[in-house]
Amino acid sequence: FTSFALPFILILLMQLLGLFIDPLTLRRQLFSDLSSVLGRESVRQIVDTLIAFRQLADNIWITVFGFLFLLMVATTLLMVVKGSINQLWRIKSIDGRSFGKQLRTRLQSVLIILATGVLICVGILAEAIRSQMGESISKLSPTIAFYVNSALTYLFSFVFVTVWFGVILRLLPDARPPWKVVLSGSVLTAVLFTIGKYILRLLLLNSNIGTMYGASASIVLILLFVFYSSLILYFGAAFTRALADDLHQTIKPLSYALHYKVEAVNEK
Numbered sequence: 001f002t003s004f005a006l007p008f009i010l011i012l013l014m015q016l017l018g019l020f021i022d023p024l025t026l027r028r029q030l031f032s033d034l035s036s037v038l039g040r041e042s043v044r045q046i047v048d049t050l051i052a053f054r055q056l057a058d059n060i061w062i063t064v065f066g067f068l069f070l071l072m073v074a075t076t077l078l079m080v081v082k083g084s085i086n087q088l089w090r091i092k093s094i095d096g097r098s099f100g101k102q103l104r105t106r107l108q109s110v111l112i113i114l115a116t117g118v119l120i121c122v123g124i125l126a127e128a129i130r131s132q133m134g135e136s137i138s139k140l141s142p143t144i145a146f147y148v149n150s151a152l153t154y155l156f157s158f159v160f161v162t163v164w165f166g167v168i169l170r171l172l173p174d175a176r177p178p179w180k181v182v183l184s185g186s187v188l189t190a191v192l193f194t195i196g197k198y199i200l201r202l203l204l205l206n207s208n209i210g211t212m213y214g215a216s217a218s219i220v221l222i223l224l225f226v227f228y229s230s231l232i233l234y235f236g237a238a239f240t241r242a243l244a245d246d247l248h249q250t251i252k253p254l255s256y257a258l259h260y261k262v263e264a265v266n267e268k
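This note's numbering numbers the first residue of the sequence shown as 1 and each following residue consecutively.
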């Protein structure tokens with residue numbers, strides 16, 4: 001489902017952020033970041049989907065209903081992630097599937113998407129600052145400029161991923177862990193994600209996956225990246241719960257949720 005929703009989330013982000021940022025700069029930054037992980041062929045598949053959708057946007061009604069469809073797909077993905085983290089933390093919503101709960105969850109997912117957009121804006125600004133610093137340092141020493149640029153690129157990427165995971169762990173579930181626990185969990189998750197991302201990229205660059213899967217190779221790469229990302233996210237959520245228990249910190253359910261326990265029942 002994430003593989004299906006990914007292009008629509010990108011469309012939604014580009015439409016929203018395009019109101020404040022030059023669309024060309026935004027697309028270049030997003031696709032550059034994705035290409036560094038998924039490769040150009042996989043990103044090209046996503047771009048083809050975006051182009052096909054934009055070609056349908058000539059009619060105002062198609063645009064309106066298309067935007068609502070994008071919103072539904074993107075928020076549904078985050079609702080699935082929310083339910084999974086709730087299970088890991090053993091949190092259950094009291095009001096179940098009521099309309100108010102569904103609406104609240106959708107709005108919460110929209111806020112997460114907007115927060116992601118803000119982080120992307122900050123990332124673009126940081127990239128501009130890094131580029132300016134690199135040009136200034138390169139006038140003094142091109143070698144030093146290369147290492148400074150590389151270090152800043154890794155640093156900005158790591159901070160971005162850490163903050164994003166922190167937002168997910170703190171705001172998405174139906175419970176609020178302490179900030180200290182959230183910070184530790186998001187840092188560990190970001191470290192594992194960053195390490196895995198570069199290992200995955202090296203493996204993909206040196207593998208013959210294109211020969212093995214042919215035209216489907218780009219889809220396989222997207223599925224592999226989604227699988228690894230979800231694995232790391234849920235591991236980070238489980239670590240956050242375990243750390244809270246170890247530090248005797250309480251992950252407090254919200255007013256409409258509660259903790260539950262799973263016990264083995266010996267039936268005779």
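Any given hint might turn out to be false.
To be verified - The calculated BS3-like cross-link candidates involving lysine-lysine, where the alpha carbons are at most 27 Å apart (straight line), are: (1) Lys92 / Lys261; (2) Lys261 / Lys139; (3) Lys197 / Lys92; (4) Lys180 / Lys261; (5) Lys197 / Lys180; (6) Lys92 / Lys180.
To be verified - So the derived label-pair ranges between C-beta atoms look like this: (7) Thr194 / Tyr256: 18 to 24 Å; (8) Ile195 / Ser84: 29 to 35 Å; (9) Ser150 / Gln102: 30 to 36 Å.
For the record, the hints were derived by calculation from the structure and aren't laboratory data.
Just so you know, even glycine gets a beta-carbon here, dropped at the ideal spot from N, CA and C.
Results for each hint:
1. Distance restraint check for Lys92 and Lys261: the Cα-Cα separation of roughly 10 Å lies within the 27 Å cut-off, and the hinted pair is therefore satisfied.
2. Taking the CA atoms of Lys261 and Lys139, the gap is near 62 Å; set against the 27 Å cutoff, the hint is violated.
3. Between the alpha carbons of Lys197 and Lys92 the distance comes to roughly 33 Å, so the proposed pair goes past 27 Å and is violated.
4. A threshold of 27 Å between alpha carbons decides the hint, and for Lys180 with Lys261 the separation of about 24 Å falls inside it, so the pair holds.
5. Our distance criterion of 27 Å between C-alpha atoms is met by Lys197 and Lys180, whose separation comes to about 25 Å.
6. The straight-line distance between the Cα atoms of Lys92 and Lys180 is roughly 23 Å, inside the 27 Å bound, and the hint therefore holds.
7. Checked against the hint of 18 to 24 Å, the C-beta distance between Thr194 and Tyr256 comes to roughly 35 Å, which is inconsistent with it.
8. Taking 29 to 35 Å as the suggested C-beta distance range, the pair Ile195 and Ser84 does not conform, at roughly 23 Å.
9. For Ser150 paired with Gln102, a C-beta distance near 46 Å fails the hint of 30 to 36 Å.
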